[in-house]
Amino acid sequence: MVTITFIIAIIALIISILAYRRTGGAKELKKTVDSLSTTMESLKDRTGDSLREQVEKLSSATESLREKTANIIDRLEKAVRKETEEKSSEEKTPEEKPSGPKRSRTKTE
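Take this note's numbering: the final residue in the sequence shown is number 244, and no numbers are missing along the way.
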């Protein structure tokens, strides 16, 4: 029984080798690999270009947002400094400032 199985395995191996050669063998496989690698290189180039464009768009949008944020912070700083200056100038006027300490008046009657 073992010898019959061995003979069938050898016959199957011979048939598979013949089928491999008939389909083109290693030459056909090499051609297929080469064409796939060429296709992948062209896809990489196309993808790289579109990716560069997207990065440029993102960087310009980021720069625009950065500039707008800086402008808003600058306006906010000016507004806060203006309020601070107005409060400090109000506190410095001697006419409005009482001479003694402030006491809260409560009714004790």
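Don't take each hint at face value.
Straight-line alpha carbon distances no greater than 20 Å define the calculated EDC-like cross-link-like pairs of lysine to aspartate or glutamate that follow [stated by the list, open to error]:
(1) K213 / E225
(2) K192 / D180
(3) K203 / E191
(4) K192 / E176
(5) K203 / E221
(6) K222 / E212
(7) K179 / E163
(8) K213 / E202
(9) K179 / E198
(10) K179 / D169
Label pairs and their in silico Cβ distance ranges [what the hints assert, rightly or not]:
(11) T182 / N206: 51 to 61 Å
(12) F141 / K165: 46 to 56 Å
(13) R187 / K165: 47 to 57 Å
(14) D180 / I142: 50 to 60 Å
(15) R187 / E225: 53 to 63 Å
(16) D180 / T140: 45 to 55 Å
(17) S170 / T140: 32 to 42 Å
The set of hints was computed from the structure by calculation and includes no laboratory data.
Remember, it's a predicted structure, so these values are computed and weren't measured experimentally.
Where a beta carbon is used, it is the ideal one built from N, C-alpha and C, also for glycine.
Hint check against the structure, violated hint numbers in rising order:
4, 5, 7, 9, 11, 12, 13
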